[in-house]
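A.B. asks: As a plain string of letters, each chain reads:
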Amino acid sequence: MSFSAVNILGTMPEIYLTFFGCILLILETMIPKEKRSWLAYFTIIALVFAMVASIGLNGKGLPLYSGLYIVDPFSNFFKIIIYIAAIITILFSLPYLDQEDIHLGEYYAFILFSVVGMMVMVSAGDLITLFLGIELMSLCFYVLVGLKRDDNRSVEASFKYFLLGSFTAAIFLFGISFLYGAAGTETISGLAGFISNPGTLKPMVMVGMILTLVGFTFKVSAVPFHMWTPDVYEGAPTVVTGFMATAGKIAAFAVFLRVFWVAFSGNRHDWDILIILVSILSMAVGNIVAIMQTNLKRMLAYSSIGHAGYALMALLLPNRESLFALLFYVFTYMFMTVGAFGVILMMRKKGVEGEEIEDFVGLSKRHPIAALVMLIFMFSLAGIPPFGGFLAKFYIFFAVVHAGYTWLAVVGIIFAAIGAYYYLKVVMAMYMKEPNGSVVFHSSLMGRIALALTAGTTVILGVYPAPFVAYIKSSLALFIP
Amino acid sequence: MLPYLLIPLLPFAGFLLVGIFWPYFRGKGHWITVPLVTLSWVFSVRAFMMTLNGPPVHFVLYDWIHSGHFDVSISLMVDHLTATMLVMVSTVSALTHLYTVGYMKDDSGYDRFFAYISLFTFSMDMLLLSDNLLELFIFWEAVGFCSYILIAHWYERKPSWVAANEAFIMNRVGDFGFLLGIFLTYSVFGTLDYQSIFRLIPSHLNDTVQAFSAFHVTTPYSVITVIALLLFVGAVGKSAQLPLHTWLPNAIEGPTPISALIHAATMVTAGIFMIARLSPIYNASPAALHVVAWTGAVTAIVAATIALTQRDIKKIVAYSTMSQLGYMVMACGIGAYGAGIFHLLTHGFFKALLFLGAGSVIHSLSGEQDVFRMGGLSKYMKITFVTMLLGALALSGIPPFAGFYSKDLILSMAFHDGAFGHILWMIGIVTAALTAFYTFRLVFMVFSGKERFSHDGHHGHAPHESPLVMTIPLLVLSLGAIFGGVVGEHYDIVSFLSQNMTVPHFAVRAELSDSTLKLISVVAGGIGIALAYLFYGRPSNIPELLARGFRPFFKLSQNKWYFEEIYDHVFTRPTIFISFLMWKELDKGVIDMAVNGVASLCQNSGATLKRLQTGQLQNYALVMALGLFGMVSLFLFMK
Chain Y
1440 MSFSAVNILG TMPEIYLTFF GCILLILETM IPKEKRSWLA YFTIIALVFA
1490 MVASIGLNGK GLPLYSGLYI VDPFSNFFKI IIYIAAIITI LFSLPYLDQE
1540 DIHLGEYYAF ILFSVVGMMV MVSAGDLITL FLGIELMSLC FYVLVGLKRD
1590 DNRSVEASFK YFLLGSFTAA IFLFGISFLY GAAGTETISG LAGFISNPGT
1640 LKPMVMVGMI LTLVGFTFKV SAVPFHMWTP DVYEGAPTVV TGFMATAGKI
1690 AAFAVFLRVF WVAFSGNRHD WDILIILVSI LSMAVGNIVA IMQTNLKRML
1740 AYSSIGHAGY ALMALLLPNR ESLFALLFYV FTYMFMTVGA FGVILMMRKK
1790 GVEGEEIEDF VGLSKRHPIA ALVMLIFMFS LAGIPPFGGF LAKFYIFFAV
1840 VHAGYTWLAV VGIIFAAIGA YYYLKVVMAM YMKEPNGSVV FHSSLMGRIA
1890 LALTAGTTVI LGVYPAPFVA YIKSSLALFI P
Chain P
2 MLPYLLIPLL PFAGFLLVGI FWPYFRGKGH WITVPLVTLS WVFSVRAFMM
52 TLNGPPVHFV LYDWIHSGHF DVSISLMVDH LTATMLVMVS TVSALTHLYT
102 VGYMKDDSGY DRFFAYISLF TFSMDMLLLS DNLLELFIFW EAVGFCSYIL
152 IAHWYERKPS WVAANEAFIM NRVGDFGFLL GIFLTYSVFG TLDYQSIFRL
202 IPSHLNDTVQ AFSAFHVTTP YSVITVIALL LFVGAVGKSA QLPLHTWLPN
252 AIEGPTPISA LIHAATMVTA GIFMIARLSP IYNASPAALH VVAWTGAVTA
302 IVAATIALTQ RDIKKIVAYS TMSQLGYMVM ACGIGAYGAG IFHLLTHGFF
352 KALLFLGAGS VIHSLSGEQD VFRMGGLSKY MKITFVTMLL GALALSGIPP
402 FAGFYSKDLI LSMAFHDGAF GHILWMIGIV TAALTAFYTF RLVFMVFSGK
452 ERFSHDGHHG HAPHESPLVM TIPLLVLSLG AIFGGVVGEH YDIVSFLSQN
502 MTVPHFAVRA ELSDSTLKLI SVVAGGIGIA LAYLFYGRPS NIPELLARGF
552 RPFFKLSQNK WYFEEIYDHV FTRPTIFISF LMWKELDKGV IDMAVNGVAS
602 LCQNSGATLK RLQTGQLQNY ALVMALGLFG MVSLFLFMK
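These protein sequence lines map, in sequence, to chains Y and P.
Here the first sequence stands for residues 1440 to 1920, numbered as in the working numbering.
Here the second sequence stands for residues 2 to 640, numbered as in the working numbering.
Everything labelled a hint here was simulated from the structure, so no lab data went into it.
Since we're looking at a predicted model, the values are computed, not measured.
It is possible that some hints are incorrect.
Stated by the list, open to error - BS3-like cross-link-like pairs, simulated, lysine-lysine; straight-line CA separation at most 30 Å:
1. P:Lys316 x P:Lys380
2. Y:Lys1474 x Y:Lys1789
3. P:Lys519 x P:Lys451
4. Y:Lys1641 x Y:Lys1472
5. Y:Lys1499 x Y:Lys1474
6. Y:Lys1864 x P:Lys159
7. Y:Lys1872 x P:Lys383
8. Y:Lys1587 x Y:Lys1788
9. Y:Lys1804 x Y:Lys1872
10. Y:Lys1872 x Y:Lys1788
11. P:Lys29 x Y:Lys1872
12. P:Lys316 x P:Lys556
13. Y:Lys1804 x P:Lys380
14. P:Lys106 x Y:Lys1804
15. Y:Lys1789 x Y:Lys1587
16. P:Lys380 x P:Lys159
17. Y:Lys1641 x Y:Lys1474
18. Y:Lys1804 x P:Lys316
Start from the sequences, fold in the hints, and give me the full structure.
C.D. replies: This is the structure in C-alpha cells:
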C-alpha cells in the first residue's frame, strides 16, 4: 500500500476541523464563563478555514487512501453547504444558548465533530468509511439533542434518537456485511463492478441493498423510518434541530446518491420501485400529518419528511439533470429550513421559545420585518414563486418528468399543493389576525445577520439563480475511481 | 449595461426600501422614492440619447430557468420604441410622484402609496424592456396587480375596492386570452423570444389550427391570425377597448395620481405597446389587423359619445382616455404603428396633465367631483386653469398643440388606407368633434360661469390654488402638451420609431391632400369647441332642450350605452344566480361533501397517522421493522 502526502493534503479540511474541535475542548476549560462567545467566533473562524481549504480543492477528482476516500467536485459542494449551515447555526446559537442556559463549550466542539462526520460521509469511497462518518455524526447529534439536560423532552428525544439510531446502525452494518459477503469488497467502485453482474449471488446483493437503503432512509427521515423525526426535532434545542434538519440530512442525501448511483447503478430497475414507494409515502405522511400540527417545530419536522420525499424523486434516474436538480434542491432547502428554525428560536415568551403556531399570531403588527422574513421562508418552503423553493421543486419535477415518471411528478405536485396549506396557515396567523399573547421577537446582531443571509439567499435563489446555478453546474462531476 | 439596468431597478429599490420599512417612514416616504424615480428618468433620457444614433441594445442578464428543454432568460432590450416609451413613462411617473407629495398629504397610507407607485413604475419599465413573451407576461400581470392595489388604496371605501375588483377581473378576462396566445405561440414556434418568433413567422404563414376542435368544428384557421387575435384579447383588456372597457372609467375611484399614472403612462399603454412590439405577427395577418382597427374605431366613438353627458370630472377625462386609446388601437390596426405610438406619447403628456389638473380642482374643492357643482374657478386657481386649458386644446387637436400632430397623422393614415379606411377616417373625424365638444364642456363648466359650489363645504374658505409640488408637475406637463407634437413632427419621430418595425405597404391614393385632411379635422375640432361654448360657455338652455328632444340618445350616453347593465344582466347576475343555485344545491350537497370529504380525509388521516406517533419507542422500532419487512417481502413476491 503506497502512501503519499497527497492523501494528507486532500483531507486537510477534515484534519483542520478535528484539530480545532480538540482545541475548543481545551479552550473551554480556560475561558471564563462570560467570555464563552469567543468560542463561537473561534468556531466560525475554524469553519471558514476549512472552507478555504475545501475551495482550494475545488475541481479536483482524487481517490485518496487507495480509494477509501474520494475528493471530487460533488463532495466539495456538499462540504461547502455543510460549512455554511454550520456557520449559520453558530450565528443563531449565541444568545439562544445563554437564554436556554445551555451555553457549554462542548457544544461548539460537537458541532465541529459532527461536521467532520458529515464530511467523511460525503467523501466516503468505501462502505466502512461511510459507516464511520455516519456514526461520528450521529454520536455528536445524540449529545447535542440532549443538551437541555433539565428538559424532559430534550433528554427523551436524545435517548429515542440514540436507540433508534443504534437499531438502524445495526441494520446498516448487517447490509454492508451481506454486500461484502457477496462481492468480497466494500469499496463503492468495487461493488459497482460486482453488482452489474452478480450471477447467483443476486439475492444476497438485494438483501444487502435493502438493508443499506433502510440506513439511508432513516438518516434522511423518509417514511417508514421517519418516526424519530418529530419527537427529536421538537425535543432538541432549536439551533440543533435546524442544524440536523439541514446539514445532517443533506450529508445523508449525498451518500445515498453516491452509493445508489455508483455502487447499485447496475440494478437500477430493482431499486427504483423502492425509491418511488418511499418517496410517495414520505410526501403523503409528511404533508398530511403536518396539517394537524400546532407546534411549529413539529410541523417543520413533518415538512422536512415531505421534502425528503421530493428530493428522493431525483434519485430515480442517474443523469446530469437529476443530479443538478437534487443539488439545487438541497442548496435551497438548507437556507430556507435553517432560516425558519432561526426565526422560531428568536421568538421568546417568558424564558421559553415561542414555538407554537399560536405564538406567531399577529406578528406582522408587532414586528413586521420578522414576519416578512418568516413569510419568505414559508412561501419558499411551499414552493411559491419567486422564491428559491419554487425553482427547486420545478427542477425536481422537471427532472422526474424527463426520467419518464410523469405520473410521479403529478403525485408530487398534488402533495405540494396539500403542503401549501400548512405553510400558509403560519402566514395567515402572522398577517391576518390581531396580535395577542406576550411573545416577543428577540434578535441579536449575529442572529439578524444570519436571518438576512438565509432570507436574502432564499429570495436571490428564486429571482437571480444564475451564479448559484453556475456553481452547482461546476460541481456535477461525480468521481468514480 | 448598468445604466440601462438602473432604469427599472431604481424605482424597485424605492419600493423595497419604503415597502419593507414603511412603519419607520411616517410620511417621509417621498424622500426616498421621488429622487430614485427622478434618477431613473435621467437614465431613461440617457438611454434614449444612446439609441438615437446607436443600434438597439440587447443583453441577457441571466438565465432564470435553464433546464435544457425550457429556457427562460431575463434579458433587456432597448430599441427605439422601448427607449421612447421609457422616457414618457418615467417622465409621467416622476411628475406623478412629485404631485403625490402634495395630493396625498395627511393620507394614512402615504408611504404605502409611494411604495406601490414605485413598484408600478418598475413593472411598467420591465414590461417595456422585456424581450420575450414570458417576461412580458410576468410584468403584464405585475402591472395589473399594482393597478389593483393602488385603485383599492382607500380600501375602507366600498366604491374603491369594487372598482379595483372590476379592474382586476376585467383584466383577467383579457389575460386569459393573452395567456392562451402565449401558449399557442410556444407550441407553434417553440420559443418565446421576440426575435426568434419574428424570424420563424414566414415558415408558419400557411399553418392552420382547428381552434374549435373541442366542439367538433373542424374549420381550419390560420395559426398566425389565431395567435394575433388571442394576444389582442389581452390588449383589449389592458387598454380598455370594447367590450372589456368598463373597468377604466370606474378605476377613477382610486386616488387621482394613480388615475393619471394608469391613464397616461403605466397601464393602458401596455396593450398598444404590445401590439406595436409584436407588429410582425400582426402584419402577417391582415384579418387580425382588420379586427384591431375596427375595435379601435368603435371604441373611440362609443367612448366619445359617453363622455358627452358625464357629470364626474374624472369620468369625463377617463372616457376621453378610452376614446384616445381607440385611436391608437385603430392606428395599429391600419399598420400605422409609429403614428399610434406617437399619439400614445403626446397623449401621455396631455392626459396626465388633465388628470393631475382635475385632481388639483378636486383637491381645492375638498373632494367635489361633479362638474355641475363647480364653475368660475379660473379666478381662484390660475395655474390649474391655464394648464388644463392647454391640455384641453391638445386633446381637442387644435394646432399647434401636441394632439393635433399625432391625431391628424392617424386620421390621414386611415384615410389613405383605401375605401375601408375612409369609413375609419369618418369615424375618427366625428370622434374628434365630439372630443373637442366634451373637453370644452368640462373646461367651461369648471372654470367659467357662475360659482355653483357651496362655500360651507370647504372649511369656510374659498377654493385655493394647489401647493407648488402639485402645480410644478402641471407646468412641466403642459410644456409637453404644447411642444410634444411640434418636436415629434420636426424630428420625424414616426419614422424613427418605425426603424424597428416592419410597416405594411400603403397604397397611397391622393384623393385629398394631407393639408386638406388636416383642415377638415381642425374644423371638426373647432365646431366642437364652438358648440361647447354655445351650450355651456354662456347661460343657455340648449342642453336641456336637446336632452329632452333626444331623450333616448341622451339616456344611452348617460348610461354608458348600458354596458354595465348588460354585463350585470348577462354575466354578473346569471353568475350570481347560478352560483347561488350551485351553492345551495350542488355545492352544499355534492361539492362540499367532496371537498370537505377530501379535507377531512386529509385531516382525519393526519389525525390517524398522528396517533401512530405514540411516542413509544417500541412502536417506532416496530414500524421500522415492518417497513424493512415490507421492502424485503416486496422483492420476494415481485422478483
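A.B. asks: With reference to the structure, classify each hint as holding or not holding.
C.D. replies: The hints, checked one at a time:
Of the pairs offered as hints, the one joining Lys316 of chain P and Lys380 of chain P holds, with about 24 Å between alpha carbons and a cut-off of 30 Å not exceeded. Under the criterion of a C-alpha separation no larger than 30 Å, the hint pairing Lys1474 of chain Y with Lys1789 of chain Y is consistent with the structure, at around 25 Å. With a CA separation close to 36 Å, the supplied pair Lys519 of chain P and Lys451 of chain P exceeds the 30 Å bound. Straight-line distance between C-alpha atoms of Lys1641 of chain Y and Lys1472 of chain Y comes to about 59 Å, which puts the hinted pair past the 30 Å bound.
Proximity of Lys1499 of chain Y to Lys1474 of chain Y is assessed by CA-CA distance (about 40 Å); at most 30 Å being required, the pair is judged violated. Between Lys1864 of chain Y and Lys159 of chain P the CA atoms are separated by roughly 28 Å; this keeps the pair inside 30 Å, and the hint holds. Of the supplied pair hints, the one linking Lys1872 of chain Y and Lys383 of chain P is violated, its CA atoms being roughly 49 Å apart against a limit of 30 Å. With a C-alpha separation of about 17 Å, the suggested pairing of Lys1587 of chain Y with Lys1788 of chain Y holds against the 30 Å cut-off.
The straight-line distance between the Cα atoms of Lys1804 of chain Y and Lys1872 of chain Y is roughly 9 Å, inside the 30 Å bound, and the hint therefore holds. Using a Cα cut-off of 30 Å, the hinted pair Lys1872 of chain Y and Lys1788 of chain Y holds, with the two alpha carbons roughly 19 Å apart. With a C-alpha separation of about 28 Å, the suggested pair Lys29 of chain P and Lys1872 of chain Y falls inside the 30 Å cut-off, and the hint holds. Taken as a hint, the Lys316 of chain P and Lys556 of chain P pair is honoured in the structure, with Cα atoms around 16 Å apart against an allowance of 30 Å.
Only pairs whose Cα atoms come within 30 Å are accepted, and Lys1804 of chain Y paired with Lys380 of chain P is rejected, the gap being roughly 48 Å. As the CA atoms of Lys106 of chain P and Lys1804 of chain Y are separated by approximately 24 Å, the hinted pair is consistent with the 30 Å bound. About 17 Å separates the Cα atoms of Lys1789 of chain Y and Lys1587 of chain Y, which keeps this hinted pair within 30 Å; it holds. This hinted pair does not check out: Lys380 of chain P and Lys159 of chain P have alpha carbons roughly 35 Å apart, beyond 30 Å.
The suggested pairing of Lys1641 of chain Y with Lys1474 of chain Y is violated, with an alpha-carbon distance near 59 Å, which exceeds 30 Å. Pair hint Lys1804 of chain Y plus Lys316 of chain P does not hold up; C-alpha atoms about 37 Å apart against a cutoff of 30 Å.
Violated hints, listed in ascending order, are 3, 4, 5, 7, 13, 16, 17 and 18; each of the other numbered hints is respected by the structure.
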